[in-house]
Amino acid sequence: SQTIHQWPATLVQPVGSPLSLECTVEGTSNPNLYWYRQAAGRGLQLLFYSVGIGQISSEVPQNLSASRPQDRQFILSSKKLLLSDSGFYLCAWRVQGVSGEAFFGQGTRLTVV
Amino acid sequence: GQQLNQSPQSMFIQEGEDVSMNCTSSSIFNTWLWYKQEPGEGPVLLIALYKAGELTSNGRLTAQFGITRKDSFLNISASIPSDVGIYFCAGLTQGGSEKLVFGKGTKLTVNP
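So the protein sequences, as listed, match chains A and B. Going by the numbering used here, the first residue of the first sequence is number 561, and it counts up by one from there. Going by the numbering used here, the first residue of the second sequence is number -4, and it counts up by one from there.
Each hint should be verified, as a subset may be incorrect.
[Said to hold, decoys possible] Coverage of chain A stretches by chain B, computed from C-beta distances (three or more under 8 Å per stretch; other residues unrestricted):
hint, stretch
1, 591 to 599
2, 629 to 640
[Stated by the list, open to error] A short list of chain A residues far from chain B (calculated; beta carbon distances all over 12 Å):
hint, residue
3, T570
4, G576
5, S610
6, A626
Simulated from the structure, these hints should not be mistaken for lab results. A virtual CB, placed ideally from N, CA and C, is assigned to each residue, including glycine.
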């Protein structure tokens, strides 16, 4: 069966520090991968999505970047965090083109202080 | 860009009541999805809709894919306290884009 791992679960980082959040999927190949951010009590904002290794689509110009160095690995990064980067970050995967269902990781709660 | 307008933003109901929420968009989607999120967790899929006009049920939940492919609704019948959470609609474009966008959510509170 397929599983998605996202870590860390919580993170407190100072303003100006770098960020690296990692997401990996097991049990499938060539998945579509997504990064979302959710502010407290708000909706899911699509940040990046990827349909293949090295292919990244960015939805919102911002302080973040994403990379997909391997088929089932999706990384969210920042060189210098801002206070506004605080939020709940969710990684998701789905099978390309076959069905719509997306499956989410447990999320990373990022607090920038 | 594609946006989903989800309403209502929040609902406060009594246990046993029925609930209805909907999503509309100016864009056409090939797939509509409904998710539920509980505090501190990732969203979990409730219902997926693939054809315009499709009506699908999952227990007490019923969802429909609008004929125009620009809207969808979710109904919950005979609500219970464990229905509490945030419900999201999501739309998927395919054919190269594979972009999955979400509505802003409907926060449901059920009073026993």
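Here is what the structure says about each hint:
1. Proximity of the stretch 591 to 599 of chain A to chain B, defined as three or more residues with a beta carbon under 8 Å from a beta carbon of that chain, is established by the 3 residues found.
2. By the rule of at least three residues with a Cβ nearer than 8 Å to a Cβ of chain B, the coverage given for the stretch 629 to 640 of chain A is violated, with 0 such residues.
3. Distance check on T570 (chain A): its Cβ comes as close as 10 Å (rounded) to a Cβ of chain B, failing to clear the 12 Å threshold; non-interface status is violated.
4. Even its closest Cβ contact with chain B, about 27 Å, leaves G576 (chain A) beyond 12 Å, as expected for a residue assigned away from the interface.
5. Separation of S610 (chain A) from chain B is inadequate, the least Cβ-Cβ distance of about 9 Å not exceeding the 12 Å criterion.
6. Separation of A626 (chain A) from chain B is adequate, the least Cβ-Cβ distance of about 14 Å exceeding the 12 Å criterion.
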